[in-house]
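Peer 1: Under mature numbering (1 follows the signal peptide of the UniProt record, and there is no 0), read the sequence shown as residues -19 to -1, 1 to 563, first letter to last.
It should be emphasised that the hints constitute simulated quantities derived from the structure, not laboratory data. All of these numbers come straight from a predicted model, not from anything done at the bench. Be aware that a few hints might be false.
[As the list claims (entries may be wrong)] Straight-line alpha carbon distances no greater than 25 Å define the calculated SDA-like cross-link-like pairs of lysine to any residue that follow:
no., residue 1, residue 2
1, K256, K517
2, K259, P416
3, K517, P416
4, K250, V553
5, K256, D2
6, K342, V440
7, K559, T314
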Amino acid sequence: MASVLWLVFLSVVLPISRADDRPNFVFLVADDVGIGDIGCFGNDTIRTPNIDSIAANGAKLTQHLAAAAVCTPSRSAFLTGRLPVRFGMAGTDSPMAYIFLAAPSGLPRSEVTFPQMAKDHGYKTALIGKWHLGLNCKWVGDHCHHPNKFGFDFFYGFPGSNAPECDPDNVTPGAGGKFATDRAFSRFHVWDISVSIFLCLLALKYFQYIQWKTLIILSVIGWSAVISNYALGANGTQFNCVMMRDDDVIEQPYDVSTLTPRMTLEAVKFLEERKAKKEQFLLEVSYWNAHTALLPYKEFRGKSRHGLYGDTLEEMDWSIGVVMATLERLGLTNNTFVYFTSDNGAHMEIGDAGGSNGIYKGSKGQGGSEGGIRMPTVVQWPRKIKPGTIVTEATSQMDIFPTVADILKAPLPQDRVMDGRNILPLLGGAKQPSPHDFLFHYCGNVLHAVRNRPRKGKVTWKAHLASYPWLPGTTRCSLDRLACFCGAQYGVTFNDPPLLYDVTNDPTEDRPISVDSNPKYQKVLDVIRKAVEEHKQSLTEVENQFSLRLFTPRIWLQPCCNFPYCNCREEVDLSPLKITVK
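Using the sequences provided together with the hints, build the complete structure.
Peer 2: Below is the structure:
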């Protein structure tokens, strides 16, 4: 009898002990913040003490790479642990990201995310802030791409992205509403295209290819398509700047200037509720900072040394400080895995509205350049990570999925290729090579560069298959362009043979290696070429989520509060935050 009672005791206590040993998770994701913008990565003019504190009390990853240099594909890879090209989230060129809330494109339902994995293991999960991975498929309420469908119990934020059109007063220097105007049809184009459609159909009727009834129907369909595109594009402020709480639209258009304080307040409430209910949690706070439009809260304006961009970064760091202080106040710091990163590099093509990629060449949108994909990343977990740890080996944001899986003792999906690797040993201070033999750097769905970390030695090689049309004396494209883009039609040059660099000893990629100078360099390229061929064989054909069919907005998919006005305001008391800035 005693032995039976002992077995019952063990069956109850051991699972509880294992659960208690598992950490909580907090993921802090910045937007368009470059590695040169953060204090612990070398910036001495923008104040980021709270991010720096995470690095000091944990690990700094100096070669942590995004899977893409643009928001939507990068974020999809982060959540799934897979290259976006594997599931259609890599654009062909332009568009390269999800823009219209009324378009049916988005993260395919077949994909599995690490928040879903955590939820399946008993965690309460929340996404606060930016989603940018789609919303609806067939009708405005189906929410097939909504965060709640991908493992988040709670969502408070914006399903799209902060964007220049969310600054209708054009406050942001060098950006503002002009990009929205550039993207939208002008009234002339609407008239021109509508007349062209009608004349073409009239010609078909004249030659008796169609009947009058068919002409009228096709004219109405064509005109409606053009008008809906114009309406949704030219009025991006009203239709794309939307705030939601779970399934409900709560603000339209949202007020960018109060987003960060509101998100911070929601994060604090979520943490306090989990503590009160003794629930383990996974929280992602996905900031709009520092994507244009740059509209920080009034208390932060004019306080930095770098205009609105610096104000925006310091506002984000303040918010991170509030989250970290809340963890400490609730006694959760010691066993919480905290991870800070950015979705892609700073946007150099928008002038003063963009940040800094430090010593690294390139910009947002350049999937093969270090400036586009080498992210400022710090991790804290006092139980497992020693203060002051520095990880110099190549790691990827896709590694978070398998790392969380290892922590939870959860199996990885076996029905798909996983590109991420477990980096917990490196975070724990292990002196070993990167878990990646190769990392494939895409610009859209075009392979632009490949990293190779041999198992022996200490060198990481990088082969550039493509080069960007940078302006002379810079590592960015023209300010008249939103980005460099990826194809030859935009001036991208494809290198044959590829340009080879030793990014361990030449991280700024100033000294391309003469492959003919030593047979070992040719061998490196041969190994990389073979890896590329094997990698391509692992890809399967999937529908591109940025195809014309899926990217074109449908007016019946447009979220709208207070119909037909599509205008509402959320009233929030921010006084509990006691915001003061010196």
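Peer 1: Now, for every hint given, state plainly whether the structure supports it.
Peer 2: Structure-based check of each hint:
Taken as a hint, the K256 and K517 pair is broken in the structure, with Cα atoms around 47 Å apart against an allowance of 25 Å. Only pairs whose Cα atoms come within 25 Å are accepted, and K259 paired with P416 is rejected, the gap being roughly 35 Å. The suggested pairing of K517 with P416 holds, with an alpha-carbon distance near 20 Å, which does not exceed 25 Å. For the suggested pair K250 and V553, the alpha carbons sit about 13 Å apart, so the restraint of at most 25 Å is met.
Annotation: proposed proximity of K256 to D2 holds, straight-line Cα distance about 16 Å (limit 25 Å). Under the criterion of a C-alpha separation no larger than 25 Å, the hint pairing K342 with V440 is consistent with the structure, at around 20 Å. This hinted pair checks out: K559 and T314 have alpha carbons roughly 22 Å apart, not beyond 25 Å.
The structure fails hints 1 and 2 (numbered hints given earlier, in ascending order).
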